[in-house]
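Engineer: If you read the protein sequences in the order shown, they are chains A and B. In this text, residue positions in the first sequence follow this note's numbering: the first is 1, and each later residue adds one. In this text, residue positions in the second sequence follow this note's numbering: the first is 1, and each later residue adds one.
Hint data in this document are derived by calculation from the structure and do not stem from the laboratory. Note that beta-carbon positions come from the ideal geometry of N, C-alpha and C, so glycine has one too. There may be inaccurate statements among the hints.
What the hints assert, rightly or not - Restricting the straight-line Cα-Cα distance to at most 25 angstroms, the calculated cross-link-like pairs of lysine to any residue (SDA-like) are:
1. A:K319 / A:T410
2. B:K319 / B:S231
3. B:K319 / B:H53
4. A:K319 / A:S355
5. B:K319 / B:A97
6. A:K319 / B:R76
7. A:K319 / A:S357
8. B:K319 / A:Q80
9. A:K319 / B:Y81
Stated by the list, open to error - Which chain B residues face chain A? A few, computed with CB under 7 angstroms, are given here:
10. R5
11. L9
12. F259
There are 2 protein chains.
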Amino acid sequence: MDPLRLGDLHGSLTDPVLAAMEFLNEIANRYPDAVSFAPGRPYEEFFDVQDLHRYLRAFHRYLLDEAGMDPDQARRTLFQYGRTKGVIHELIARNLAVDEGIQADPESIVVTVGCQEAMLLVLRALRSDPRDVVLSVSPVYVGLTGAARLVDMPVLPVRDGQAGIDLADLVARVRQARTDGLRPRALYVAPDFANPSGATMDVPLRRELLRVAEREDLLLLEDNPYRLFGSTDDRLPTLKALDDGGRVVYLGSYAKTGFPGARIGYVLADQPVDLGDSRTGPLADQLSRLKSMVTVNTPPVSQAMIGGLLLEHGFDLAKANLREIEVYRRNRQQVFDGLAARLPDAARLGVSWNSPSGGFFIVVSVPFPVDDALLELSAREHGVLWTPMHHFYGDGVPLPHLRLSISLLTSEQVELGLDRLTAFISQRIQTGLT
Amino acid sequence: MDPLRLGDLHGSLTDPVLAAMEFLNEIANRYPDAVSFAPGRPYEEFFDVQDLHRYLRAFHRYLLDEAGMDPDQARRTLFQYGRTKGVIHELIARNLAVDEGIQADPESIVVTVGCQEAMLLVLRALRSDPRDVVLSVSPVYVGLTGAARLVDMPVLPVRDGQAGIDLADLVARVRQARTDGLRPRALYVAPDFANPSGATMDVPLRRELLRVAEREDLLLLEDNPYRLFGSTDDRLPTLKALDDGGRVVYLGSYAKTGFPGARIGYVLADQPVDLGDSRTGPLADQLSRLKSMVTVNTPPVSQAMIGGLLLEHGFDLAKANLREIEVYRRNRQQVFDGLAARLPDAARLGVSWNSPSGGFFIVVSVPFPVDDALLELSAREHGVLWTPMHHFYGDGVPLPHLRLSISLLTSEQVELGLDRLTAFISQRIQTGLT
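Here chain A stands alone, though its shape is the one from the complex (with noise of 0.2 angstroms):
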């Protein structure tokens, strides 16, 4: 037959989004020596393969002696076609309430196969119509973009101010989106160590983007991979611990806390949906509607992983990631004191980074342009891999940022890392003087 075109092909794989994730990618690939500050994946020294077998076990035994299954239950939970909502939520309501003292139904929760089926399936639920639309802070992470390119929902940017969002922006967006004839439906936001920008949102600001919620009559999606990662004294309360008014869909991911291969992620939607004949469910039912037309059922043996994890961590993630929390604060406060002692003169050279307090990401300012090409001679001529920050905006447009991610790296390897950046940052400014 004919070559198929990818113009007969849907249109979110023409989208640069796409093209921008694949670019990143196949650069890590072509220069495989560079020190690498782009991936957002966790570290990875501790993984042990014995751990799986080990949490297999856990979680088996659980079933058994908790769960009450007897032997021939507790085998068909894991080799069957199981329950759509997933057969770790009890457990996970137990780490929520552990972890970030939220109290949930565990049958408002939907286990998913990472945070992104999760992120699609609220965004195909939300999706009813064109004139749907949600909005999210800018820049955001390319997750959330891609789900709402999968159901051609569009994406209103809102700006995120050094808070974390512009309140004014996002009342100004949605009241014009609103007179444009469009359904603004939910903001997508992440309040902790957000990805890209590092941002954390502050207690009042997260009270006053709960009442904005409710006043504009806008669900939001608070995604909130990173907030562990930060120190263990001064954790902020998540929106959804906040949320009076059940405006908050959590959108819950292991990936980070637990590990990515196992692909689990969840949703938290407690939200009442009115089902005729005076009945009401929650939204997660619906959600678990969709996805029996998307994956069936969230794999159970990888399911048993995290639930075996969760088990033998008495549902304490904080505690189960000192180690990796240390390793993160280690890194983080090396880029800081790193950067500063290979550039004094900074801020004369206009050099600057925000200096997060958590999590994965730190954004360096500088005086020119960062586009792709600039990372391809980083990566040519410095053997170093950053992410430029234009990719989480989306249309393309150089900006002079790029986002640096500290999660995989040794100790040395910062170093090293740091004095190929600088080294390429002093020179592109020598080149732009010269």
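Please arrange chain B on chain A, whose structure you already have, making use of the hints.
Structural biologist: Positioned in the frame of chain A, the structure of chain B alone reads:
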């Protein structure tokens, strides 16, 4: 906040297909002691939790010994984010060669979270425009209908006839659709022991279907999860194996030949896509890009289970399933013989059944329309469950046919179930006569 209205959520959530499936699940839960000829689940008596550990170890050893990874790479493959197209593609290609005689380029395979995600990816790719439609033999597996609803893609029904598909009707439907301004993109088809009809296409019909697809410029989406569950001597070639023109996208599932809890499916899509600049790449690459927005990757721990199983059985799942194949053969024969023995005057009563030589499903025709109320009565008064055939047509019109699935029952359960089923049928006929 006020309850959300179901009508403000995606249209698939008010689709009768979804409600029908839920009714079937719900009734099974309400009558747990009924003998159930309803679920299309594989036989589960041979599952053993120790297998999971062994599969995982076998796959890990393969990464080290055969795939040439060092221990860090192998660990990373199991724990980290990974290749979007999957990590068992080489193993699946070897399985396709052994079991199906298909020579597949591993780069044209995308490993998916069950066959459901594979169907969703293909339909999402093909639905680029409101004019795009997919055709399907009717009656059809509800998973296909669900995936189509999720991407708002109409499914045009094609008559199945007795042979598996009525090609004259196919051509007429395609031409009518074009006349109506639609773009028929593909035909979904299950050539062997189809769910729910049990029909199998003979080889001349397969060849003719390929010619029609070529002439009418259609892709064929071949779904073939039951093929190995027939006689080992007379297995027919898949459409993909006969496919000279590159028309067949092959949808694969290990839910029946492996186990459902792994949730591992795949799609083999080797059709070239024109990428511009005289470059082409397989359709699989585009499906992979869509997958990055749906589930990111299929859980590697779950891929490891099927990878280990394939390795353990030398890629020969027909051999790995010898015991299951015998159970299914025995159960089918027991139903044929048991119905004949219990209904010696079946012909006179207007009762008949087909006699598939493989697969999970048998269709029983009765001299009265079969609706959901009758299923409820059968469950309540006779303690036996089955599936009204009308659910696979999607129009809600009761038909005088019911589907029996024989896959999950022991020999004793089949006997008891047949006693109850024939009592139910006889009583309905009596009731109709008085």
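Engineer: None of the hints should be skipped; say for each whether it holds.
Structural biologist: Status of each hint after checking the structure:
{"no.": "1", "hint": "A:K319 / A:T410", "in the structure": "holds (21 angstroms)"}
{"no.": "2", "hint": "B:K319 / B:S231", "in the structure": "holds (12 angstroms)"}
{"no.": "3", "hint": "B:K319 / B:H53", "in the structure": "holds (21 angstroms)"}
{"no.": "4", "hint": "A:K319 / A:S355", "in the structure": "holds (24 angstroms)"}
{"no.": "5", "hint": "B:K319 / B:A97", "in the structure": "holds (14 angstroms)"}
{"no.": "6", "hint": "A:K319 / B:R76", "in the structure": "holds (23 angstroms)"}
{"no.": "7", "hint": "A:K319 / A:S357", "in the structure": "holds (18 angstroms)"}
{"no.": "8", "hint": "B:K319 / A:Q80", "in the structure": "holds (21 angstroms)"}
{"no.": "9", "hint": "A:K319 / B:Y81", "in the structure": "holds (23 angstroms)"}
{"no.": "10", "hint": "R5", "in the structure": "holds (5 angstroms)"}
{"no.": "11", "hint": "L9", "in the structure": "holds (5 angstroms)"}
{"no.": "12", "hint": "F259", "in the structure": "holds (5 angstroms)"}
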